[in-house]
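Participant: Line by line, the protein sequences are chains X and F.
Position in the first sequence (from 1) plus 2 gives the number in our numbering.
Position in the second sequence (from 1) plus 2 gives the number in our numbering.
Any given hint could be a false lead.
Dumping the calculated DSS-like pairs for lysine-lysine here, alpha-carbon to alpha-carbon at most 30 Å [to be verified]: (1) X:K536 to F:K203; (2) X:K270 to F:K726; (3) F:K536 to X:K203; (4) X:K726 to F:K203; (5) F:K729 to X:K234; (6) F:K729 to X:K241.
It should be emphasised that the hints constitute simulated quantities derived from the structure, not laboratory data.
On a predicted model such as this, the values are computed, not experimentally measured, just so you know.
The primary structure of each chain is shown beneath.
2 protein chains.
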Amino acid sequence: MKKLFLVACTVLVAVLLQAEDGYRLWLRYDKIDDAALLQQYRNTISGIQLEPSSPTLSVARQELLNALQSLLDKQITSQQTITGNCIVAGTPSSSSIVKQFLSAGNFNLGKEGFVIRSTNIEGKKVTVIAAGSDIGVLYGVFTFLRLLQTHQHINDLSITSVPAIQNRILDHWDNLNRTIERGYAGISIWNWHTLPGYIDKRYIDYARANASIGINGSVLTNVNANALVLTKEYLLKVKALADVFRPYGIKVYLTAKFSAPIEIGGLKTADPLDTAVQNWWNEKCNEIYALIPDFGGFLIKANSEGQPGPQGYGRTHADGANMFADALAPHGGIVMWRAFVYDVRVQKTNEHFEEGKTHEHSATIASDDRFKQAYNEFKPLDGKFRKNVLIQVKNGPIDFQPREPFSPLFGAMPQTQLMMEFQLTQEYLGQATNLVFEAPLFKEVLVADTYTKGKGSTVAKVIDGSLNNNTVTGIAGVANIGNDIDWTGHPFAQSNWYAFGRLAWDHDLSAAQIADEWLRQTFSNNSAFLDPAKTIMLTSRETLVDYMTPLGLHHIMGTSHHYGPAPWVDNAGRADWNPVYYHKADSAGIGFDRTATGSNALSQYNPEVQKQWNNVNTCNEKYVLWFHHVPWDFKIQPGRTLWDELCYKYNTGVDSVRWMQAAWNGLATYIDQERFEDVRMLLGIQETEAVWWRNACLLYFQTFSKMPFPANYEKPDHDLEYYKALKFPLAPGIGGNM
Amino acid sequence: MKKLFLVACTVLVAVLLQAEDGYRLWLRYDKIDDAALLQQYRNTISGIQLEPSSPTLSVARQELLNALQSLLDKQITSQQTITGNCIVAGTPSSSSIVKQFLSAGNFNLGKEGFVIRSTNIEGKKVTVIAAGSDIGVLYGVFTFLRLLQTHQHINDLSITSVPAIQNRILDHWDNLNRTIERGYAGISIWNWHTLPGYIDKRYIDYARANASIGINGSVLTNVNANALVLTKEYLLKVKALADVFRPYGIKVYLTAKFSAPIEIGGLKTADPLDTAVQNWWNEKCNEIYALIPDFGGFLIKANSEGQPGPQGYGRTHADGANMFADALAPHGGIVMWRAFVYDVRVQKTNEHFEEGKTHEHSATIASDDRFKQAYNEFKPLDGKFRKNVLIQVKNGPIDFQPREPFSPLFGAMPQTQLMMEFQLTQEYLGQATNLVFEAPLFKEVLVADTYTKGKGSTVAKVIDGSLNNNTVTGIAGVANIGNDIDWTGHPFAQSNWYAFGRLAWDHDLSAAQIADEWLRQTFSNNSAFLDPAKTIMLTSRETLVDYMTPLGLHHIMGTSHHYGPAPWVDNAGRADWNPVYYHKADSAGIGFDRTATGSNALSQYNPEVQKQWNNVNTCNEKYVLWFHHVPWDFKIQPGRTLWDELCYKYNTGVDSVRWMQAAWNGLATYIDQERFEDVRMLLGIQETEAVWWRNACLLYFQTFSKMPFPANYEKPDHDLEYYKALKFPLAPGIGGNM
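Build out the structure end to end from the sequences listed, making use of the hints.
Facilitator: In structure tokens:
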């Protein structure tokens with residue numbers, strides 16, 4: 003007895019010494035700390051029957067065993083036959099019981115769906131996790147484990163789950179030298195130098211984490227591409243990663259540099275209509291698929307911000323995309339062609355672009371409003387793309403701002419397969435240090451109505467293919483993952499990776515449900531913790547909008563690095579890189595007139611959508627400066643001028659961060675000290691940055707409004723010149739800065 | 003009983019789920035797994051008495067408590083009074099018992115030394131850890147814990163330990179954007195962007211690890227310096243790190259860019275004899291010390307590889323160093339002035355230097371042998387430096403090669419305080435992927451005899467001040483630390499950090515003892531593991547020399563990145579950047595004649611040293627090509643020509659790596675799977691690289707020797723052209739490559 007007690011002490015010490023470093027993400031599998039529930043789970047789960055007849059089923063079985071033994075603190079047997087309270091998992095091929103179970107039901111599980119059901123088989127109460135495919139079983143296993151980790155009842159389960167979107171993909175803007183464009187969590191987890199000989203355990207845990215939330219694709223390389231990744235030496239490294247990811251249902255994709263046939267192929271041209279170029283890509287695809295039979299395909303940024311593309315040869319985006327599509331089609335690969343383009347014709351050649359590349363001179367449509375340009379270039383091409391081409395559209399018309407209206411392209415290309423590009427990494431959302439839960443942003447876009455086929459034509463329905471009957475569908479999130487021990491730098495940034503995966507699988511999930519799930523798995527099921535923490539998460543994005551870009555302001559961040567406020571910048575290389583271009587503040591007012599009296603960008607939307615925004619008196623104030631140049635004394639709220647409202651919003655943002663701090667400080671006793679302290683310190687930085695944003699922006703805009711700060715607000719502690727003088731040459735996320 | 007058993011199971015599962023990710027370094031404190039010894043330790047240690055009356059004593063107490071509870075798996079009480087089997091630790095100020103104990107003995111502990119003694123106090127058997135200073139107590143605590151971790155007997159302890167060298171410093175070649183020059187373990191652990199608001203737990207664990215081996219200084223920034231770190235914004239970040247490190251006895255140092263008065267001070271000159279410049283540095287030091295009262299001082303690379311320096315103003319290194327020394331002296335700071343200089347006068351201006359900087363034109367002494375240049379520049383300045391200046395000399399005359407003779411400067415400047423610069427990061431020692439234990443290299447240099455004051459005038463005695471009666475002494479190691487989870491990338495690279503600290507404290511320790519200690523703490527005390535693992539470590543450096551640069555070859559690595567073999571390179575920007583400059587292979591033979599018939603670099607050594615090396619017939623073959631151009635058919639061994647010997651050495655190197663692989667594979671059962679697999683995979687890469695080195699070098703040198711490969715050796719699997727065509731533009735450690 004004494005000996006056992008000593009052993010018990012060991013638990014405590016061992017656990018204390020193991021820091022909560024965040025590496026485990028939401029797959030912590032700590033012992034269920036609710037005694038009654040634990041007993042109930044133990045009663046319901048005695049063993050598992052899962053024939054590991056494939057690599058995927060093998061990892062599913064191992065995950066289930068490891069997790070259950072840890073969660074239930076109990077030996078779990080892996081058995082050949084059914085006993086009471088066992089879990090039976092498999093496919094019709096791997097298990098005759100599953101075969102019988104599925105044929106008895108009326109399931110439509112597709113390639114990736116699964117069923118979890120509490121039922122009786124041979125007179126024994128069992129839980130069945132069944133799928134038509136191996137990967138469906140793995141998804142079912144992770145879903146079942148989520149139920150336990152979030153303390154759900156599991157005695158009467160009847161779950162059927164099928165993903166809404168086929169290709170659920172992380173885009174890594176990772177360079178081959180391991181820097182990450184817009185990365186705020188260290189460097190790339192892909193260590194190209196030691197691949198393929200060295201397989202970092204991280205590669206496996208990355209695949210596990212993705213599979214646990216249904217992500218099934220990974221674009222390994224930056225959209226600002228390096229052709230070297232297509233050389234044999236690198237393809238062998240890519241193959242090594244593909245081999246690691248395959249059991250977890252994750253396909254690898256690469257970014258294809260349009261000029262690769264010249265750079266590494268020795269050709270004189272990259273013209274997509276040139277037979278030699280087409281042959282080169284065909285051969286390259288043959289080479290890739292010989293190594294990686296399930297290679298996913300290419301993501302391509304062309305004729306944008308200095309990247310070469312078909313327009314350099316007088317061809318269209320469709321010509322370019324279709325060339326890749328034809329090369330990939332025989333192997334089943336897809337092309338994701340980005341719609342993030344904006345006019346470069348007004349610029350002289352060889353200028354340095356925002357993302358640090360030198361652009362080639364190319365022929366595009368001139369325009370006075372960057373908002374309109376993706377639509378202008380792509381709308382005319384509707385219906386001209388091959389069936390295995392997806393046009394990848396950023397959620398908004400500009401560039402991942404704290405709030406944007408949805409991109410008008412989502413309502414404009416019914417004959418084209420569009421996919422969504424969200425940005426998980428917080429380029430414009432406080433970067434390394436701000437707590438921002440992005441699910442509310444994602445949801446806001448997904449539920450937005452394009453009215454293309456009448457009310458209810460949501461962006462989600464465009465993306466999931468249901469509105470236009472698409473046969474291939476996709477959604478991408480620009481990853482926020484780096485080699486920081488906790489993967490994402492800010493502990494709460496993990497929630498954005500998680501939310502993306504969950505919404506990609508099921509866009510009907512609410513932000514609140516996702517926050518709840520994530521918090522329970524990542525921190526605690528204690529409601530005294532959950533309720534305040536959930537409120538912090540669910541209000542965090544609106545809080546950021548308030549102290550950064552309220553009322554529809556956008557793109558007023560520091561040049562290039564996008565760190566901190568710089569609404570005064572008016573000397574960037576081209577007009578539409580300047581904050582002044584976007585806010586247009588003057589003595590008359592502030593905001594970008596995109597109605598018919600202005601750039602008329604609004605006309606790119608369905609009339610029903612236009613109606614929401616085209617009248618300054620009825621336009622929701624969240625979007626008003628996106629579409630209107632509003633006089634400073636305009637009464638935007640009863641009794642409040644635009645200027646007053648701007649002051650109110652900026653101050654509300656700061657107050658909200660201070661509320662977050664206080665709320666978080668009340669949670670110290672519920673979670674580990676390490677992560678509590680991490681978040682506490684980061685909220686301190688966030689408060690400083692929120693104050694900086696408020697002070698800098700209000701002081702600057704005041705030079706136009708000439709109106710006083712309303713009484714009772716905190717006064718700026720520096721003058722405008724102080725803020726304008728701040729320089730951050732080493733801010734992370736660009737060039738070699740980390 | 004059943005309940006307790008379940009708890010016991012938790013231990014197992016919890017431990018299994020916690021990966022051995024290497025983060026804990028040699029401070030793992032796992033429970034003693036030898037039952038008899040555990041019982042003995044438990045009997046000897048019941049509680050501790052350590053009054054935490056200062057931050058340092060507080061961390062000492064916490065470390066002791068945490069570690070003992072974990073190692074002994076037993077509750078340890080922290081008590082006010084003495085009881086039997088307690089540990090009494092403190093200083094005369096913190097503890098009356100310690101005061102009495104120390105005054106009864108005849109100890110000379112200096113500022114950092116300590117005593118550990120088993121004794122009787124008030125009739126009770128206790129273990130005393132006593133020191134004259136708080137930091138001495140912390141060092142004593144870590145030493146005591148090492149005894150336990152390495153399974154030493156602790157019943158009859160009588161240890162007195164005082165460091166041989168005062169300033170034991172890690173030099174981080176970390177840039178402010180977090181890239182690391184010659185870093186192979188991720189990016190800098192200093193996250194300048196989130197400092198000072200966010201204190202990464204790593205900063206604390208870095209300090210703990212260093213204190214545990216006696217390292218007491220950290221140069222935070224790259225010798226190729228960025229003046230920005232001296233601005234107020236960055237000094238506040240430096241202060242935050244200094245505050246974290248202070249309880250652990252670690253001072254922070256910065257690299258001072260010579261041109262900082264111009265770059266950030268607005269002056270027109272950086273001339274060290276200019277009063278305005280001197281005042282600027284004086285004021286800068288005042289500013290720094292107001293923030294960081296125990297700031298250590300500056301490390302300066304000047305007039306070397308593009309770094310500006312006093313010679314740009316017609317001044318000497320002494321003029322430059324003394325200016326800094328005068329600014330630091332009032333505050334107690336030191337200057338570490340690097341002797342790593344080589345002639346640039348033969349070059350034209352604005353050329354790109356090896357380390358990626360543009361050099362300024364400066365007046366130095368022309369020379370035909372880079373070997374001689376540090377001596378040529380510094381020897382004439384002997385005695386001209388202030389008392390708080392240390393001249394920091396790399397261990398060898400060239401640049402951290404796998405083997406170099408010791409730098410002749412160590413025997414040449416008796417009136418100057420020299421400090422050693424070792425390189426822990428494996429720039430020329432296999433970088434990210436090769437297992438090389440460096441203690442044998444360090445020892446080889448430290449025990450080398452300069453004969454300056456007769457036999458026994460070892461380099462160690464120069465460094466520790468005993469030969470020339472120096473009042474300030476120092477030793478630096480260029481850190482191999484990055485943000486990889488395990489700190490150093492290769493699990494065995496941790497041993498080089500460890501070995502440096504241990505030798506800096508006590509250079510009499512043998513490499514074998516250090517390997518033994520490190521292995522026991524890091525992996526296992528099981529002799530079935532220890533013996534083979536120790537052999538792997540102790541032979542690893544000679545193995546690397548064999549497959550990379552045998553017989554005194556040096557600097558034949560790839561240009562700039564120094565990755566892989568490139569003995570054929572002859573077109574680098576200046577003569578002494580080319581491998582052909584160093585090996586001088588031709589039809590007559592191979593090697594650099596540095597005797598009187600050649601560059602006569604040998605004359606820089608004491609005649610006794612010259613005698614060892616100046617005769618090709620008696621020169622140890624390890625050094626022969628350092629000093630002689632040796633005919634291919636020269637009989638270097640009975641019955642073996644130089645060519646045969648070269649072939650033999652390269653093949654021996656490959657064979658030795660294969661032996662390491664086999665030996666390691668036999669150790670799988672003794673350690674955790676994760677680190678076992680890590681090392682196994684890395685040894686696989688090392689084998690590939692060893693074969694590559696052998697094949698490329700032998701094929702190339704054969705074009706001169708025109709002699710056949712001896713029979714029975716493995717034949718190269720590619721031709722020379724294949725190896726010459728290999729390019730590694732993204733090899734890590736330079737520019738933005740990681």
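Participant: If a hint holds in the structure, say so; if it doesn't, say that too.
Facilitator: Cross-check of the supplied hints:
1. The suggested pairing of K536 (chain X) with K203 (chain F) holds, with an alpha-carbon distance near 26 Å, which does not exceed 30 Å.
2. This hinted pair checks out: K270 (chain X) and K726 (chain F) have alpha carbons roughly 26 Å apart, not beyond 30 Å.
3. A threshold of 30 Å between alpha carbons decides the hint, and for K536 (chain F) with K203 (chain X) the separation of about 26 Å falls inside it, so the pair holds.
4. Of the pairs offered as hints, the one joining K726 (chain X) and K203 (chain F) is violated, with about 33 Å between alpha carbons and a cut-off of 30 Å exceeded.
5. Only pairs whose Cα atoms come within 30 Å are accepted, and K729 (chain F) paired with K234 (chain X) is accepted, the gap being roughly 13 Å.
6. Pair hint K729 (chain F) plus K241 (chain X) holds up; C-alpha atoms about 20 Å apart against a cutoff of 30 Å.
The structure shown violates just one earlier hint, number 4.
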